Amino acid sequence: MKKNIKFSILSHHKKKEEIRLMDKLTRFNDRIEKLKKEKLKFQTQQAVLFRREAEKLFDDSFSPEIALAVLSDWRTATDAKKKEWAAKTHLFRPASLQHIRKKIETPAPEPDEK
32 MKKNIKFSIL SHHKKKEEIR LMDKLTRFND RIEKLKKEKL KFQTQQAVLF RREAEKLFDD
92 SFSPEIALAV LSDWRTATDA KKKEWAAKTH LFRPASLQHI RKKIETPAPE PDEK
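According to my numbering, the sequence shown is numbered sequentially starting from 32.
Each hint should be verified, as a subset may be incorrect.
[What the hints assert, rightly or not] Simulated DEER-style distance windows between Cβ atoms:
hint, residue 1, residue 2, range
1, 121, 71, 52 to 62 Å
2, 72, 93, 18 to 28 Å
3, 39, 74, 44 to 54 Å
[What the hints assert, rightly or not] Calculated lysine-lysine pairs in the DSS-like style (CA-CA distance at most 30 Å, straight line):
hint, residue 1, residue 2
4, 46, 70
5, 47, 87
6, 67, 55
7, 114, 47
8, 55, 65
9, 87, 46
10, 55, 70
11, 65, 47
12, 87, 45
13, 45, 68
14, 87, 114
15, 113, 72
16, 46, 68
17, 47, 70
18, 87, 65
19, 113, 87
20, 55, 68
21, 87, 68
22, 70, 113
23, 55, 45
These aren't lab readings, by the way, just hints derived from the structure by calculation. Keep in mind that this is a model prediction, so the values were computed, not measured. Built from N, CA and C at the ideal position, the CB exists for glycine as well.
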């Protein structure tokens, strides 16, 4: 009889531990999903910043295709060419970028649902 009680107690503790571990795993998975969503939101904000700045640089001749061509050129450019371009970054309106970043970082008020 004592063996059955000990086994029952051990079995009960084992089940509780399994449940605790499963809860912990669920919390980890939830956190991973939340971080993935935050990463996507951040990447979207960066894309919006890039597009706005590209629109300002190209004025009326802007198109997404031009922006993609520039990015493609960067990917295939030599290290020397990349260094040359990087040295010219001060020409691309840093004050304008800061203003845009502040706008995006400030959350817009959400409309009231009725």
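Checked hints:
no. : hint                 : in the structure
1   : 121 x 71: 52 to 62 Å : violated (31 Å)
2   : 72 x 93: 18 to 28 Å  : holds (24 Å)
3   : 39 x 74: 44 to 54 Å  : holds (53 Å)
4   : 46 x 70              : violated (36 Å)
5   : 47 x 87              : violated (60 Å)
6   : 67 x 55              : holds (18 Å)
7   : 114 x 47             : violated (59 Å)
8   : 55 x 65              : holds (15 Å)
9   : 87 x 46              : violated (62 Å)
10  : 55 x 70              : holds (23 Å)
11  : 65 x 47              : holds (27 Å)
12  : 87 x 45              : violated (63 Å)
13  : 45 x 68              : violated (35 Å)
14  : 87 x 114             : holds (23 Å)
15  : 113 x 72             : holds (28 Å)
16  : 46 x 68              : violated (33 Å)
17  : 47 x 70              : violated (35 Å)
18  : 87 x 65              : violated (33 Å)
19  : 113 x 87             : holds (22 Å)
20  : 55 x 68              : holds (20 Å)
21  : 87 x 68              : holds (29 Å)
22  : 70 x 113             : holds (27 Å)
23  : 55 x 45              : holds (15 Å)
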